[in-house]
Amino acid sequence: MKRKKIGKRICSILLAATMFSSTALLASGCASSDSSSKSAKSTSSAPGKLSGSITVCGWNQAASALKANAKQFMTENPGTTVTVQTVDSDYTKLYSELAANSGVPDVVTIQNRDVKNFVNKYPDAWLDLTDMMKPEESNFSNYVRGLAMVDNKYYAVPWDLGPCALYYRKDIFKEAGVDPSTIKTYDDYIAAGKKIVTKTGGKTKLIGFDYSGSTSTDMPAVFFSQLGGQYYNKNGKVQLNSDAMVKAVDLCKKMINAGVAVNLPNEWNDRISAATNDQIASIPYAVWYAGTLQAISDQKGKWGIMPLPAFTAGGNTQANEGGSALAISSQTKNAELAKAFVKFALMSSEGNKINFETSKLFTSYQKSYKDPEYTATDDYFGISIGSTFAKLSTNIPTVDFGPHFTDVNNALKTGIGNALLKKQDTKAVLKEASDTAQKAIDNE
Amino acid sequence: MKQNGSRIIIYIVLTIISIVAVFPFIWTFIASTHTNGQIFKLSYTLVPTGNFVENLKQLQKLKPIWQNLLNSIFITVTCTVFTLLLDSMAGYGFAKFKFKGKNALFFGCLITMMIPSQVTMVPLFIQMTKMHWVNTPASIIVPALASMFGVFLMRQSFEQFPNDLIESSKIDGAGELRTFFQIVFPNMRASIASLGILTFVTQWGNYMWPLIALNSEKSFTLPLALAMLIAPGEVINYGAIMVGAVIALLPVLIFFLIFQKNFISGMLSGAIKG
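Protein chains in written order, with our numbering: chain A, 1 to 444; chain B, 445 to 718.
By construction, these hints were calculated from the structure, which means they are not laboratory data.
Misleading hints may appear alongside valid ones.
Computed spacing ranges between beta-carbons, pair by pair [what the hints assert, rightly or not]:
(1) B:V586 <-> A:K333: 22 to 32 Å
(2) A:K333 <-> B:A618: 55 to 65 Å
(3) B:I698 <-> A:N263: 34 to 44 Å
(4) A:N269 <-> B:L609: 54 to 64 Å
(5) B:I460 <-> A:N266: 19 to 29 Å
(6) B:I460 <-> A:N101: 51 to 61 Å
(7) A:D171 <-> B:T489: 16 to 26 Å
(8) B:L458 <-> A:N269: 22 to 32 Å
The beta-carbon is built from N, C-alpha and C at its ideal position, and this holds for glycine as well.
Here chain A stands alone, though its shape is the one from the complex (with noise of 0.2 Å):
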């Protein structure tokens, strides 16, 4: 009896899944073809009259902030079509067409850090924006530019930036009797944390990052970047037992040993707990970061933005932690408006006030920071944003992430890991690390 039942079931099932699929294909098969009309096609007609369509890629926020540029570029020149896609922020759809030499989108987004690789690996891909690149170079900081560059020649144009500061809760400092303005190096920092968690007896700590290293490894970098740390040393060979690794991951240390630190075991998503939850009174991070405290909507009005501590008085305060650029691909059909593209949507007030708007991206474009968008005043943190982290994007050491970065930033992770976790010697942890991510670059 039983069984006839199931039997019948699944006929009844089937005979409804293959109704539902033959709706279903239709309503598919008209969402398909607004995105077949990839083929670009180069119509060379009188210069500045641009036509044809081109495709860009993109990641969540990024591919927002573009869709809204396109749709921009689109009403002020007829007769383009800019198509966004929105893929991966791990690259894994433009690994495989790149490797595929097959369906690349005309535009990327590549992560400031990975441009070096990207041209490492596949340098034909890319198309040469050096012409694009000269006469603007004069609005892009040192930081950027180099990050961009390879032998001489731009392969990306520098998108946003993420500039660092020390983002703090105005409350529980003054509750601890912490004045802020008196924080100026990193042992201040500490000695400021002990006070806030003796007074709120061990609920509130200072700062919170993954002592393993292995979702984040973001707090160690801000301080290396603040050192003007570099990954390799002059022979292009991986360093990271350098005196700048070594004093960023011993800050790290220090601040566990004071008791100060709280450990995150899963970085992003444990950081949000924190500091909903009043456990962390300070995060020293990116401009990006803040659009994710304002999401926290009942902390209205109390945090505060701050230039980091330096490591010794009067040192360096300004650091920076990730950014995007955009490049062009060497198999586009329509060079000519996949750059005006570029031009528009990151080198413009027009763009650069979508990008800001749409998804807060902070851009690098310097003649931008006069605009009115960043200059206004932030309702969550009572200051301007823009101004406050333009000010702090001046000066930011540079810094080479090479063409492997992904071989060093492995084992840079199992490094930190082993020292702040496992509290093993952190020169010798490093030292290890270097050899380990030499040995996979040598081995590729």
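Go by the hints and put chain B onto chain A.
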């Protein structure tokens, strides 16, 4: 008495294990009704609050989620139906027919199982580009149809099917097709159901290949749409993601509940044969 005591212990252990297994699902359902702030509060309550509709609205703003759901259902169902049909027929052929080169052919097919899918991904992508199938459901469905795993599974279970039954059906005048569909197929329900469930669940959660083959958000499947809501350094709308997870979860739950009995019997049948 003694038996009662051990039974109580068994029940306690089973209860704990099932809570551990079920809790993430319950948490997902509850979290989908919370605001972003509530999700991260330590004083987390397991009482749903009324933010589901708002989360859903935000999700709809971020992604064409219903279109993505339809795509997922279409791709998964088509794939499952045709995989079952093709694999069971091929398995039947390998198990019951005698023809020259059968073993060599079967061995050749088995070899395809040894190649990791990562290796074939790029060539397959080139092929799809040349066929202009990129960004269509066909690029997901067609390459998945000839699953050697399914053929192998079907062959193993069809070998147990008594030859006498097939012969008597032929003596009674049934052709090959009729014998297959009316005699063999209905009697192999358990193993067919387990292959069906496996195909359904695999395809429903398939991420890697659709990520490469599909381009526009409107043609995305659910796992793709959900994965694209997260990127490093960006503001993440957790409430919307939880609603998306619920939408992705429900069809599988329903599917599993309907076929639960077959699933378990299919698992057992495989276990005994070894």
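Hint check:
no. : hint                          : verdict
1   : B:V586 <-> A:K333: 22 to 32 Å : holds (28 Å)
2   : A:K333 <-> B:A618: 55 to 65 Å : holds (59 Å)
3   : B:I698 <-> A:N263: 34 to 44 Å : holds (40 Å)
4   : A:N269 <-> B:L609: 54 to 64 Å : holds (57 Å)
5   : B:I460 <-> A:N266: 19 to 29 Å : holds (24 Å)
6   : B:I460 <-> A:N101: 51 to 61 Å : holds (54 Å)
7   : A:D171 <-> B:T489: 16 to 26 Å : holds (25 Å)
8   : B:L458 <-> A:N269: 22 to 32 Å : holds (31 Å)
In the structure shown, no violation is registered for any of the earlier numbered hints.
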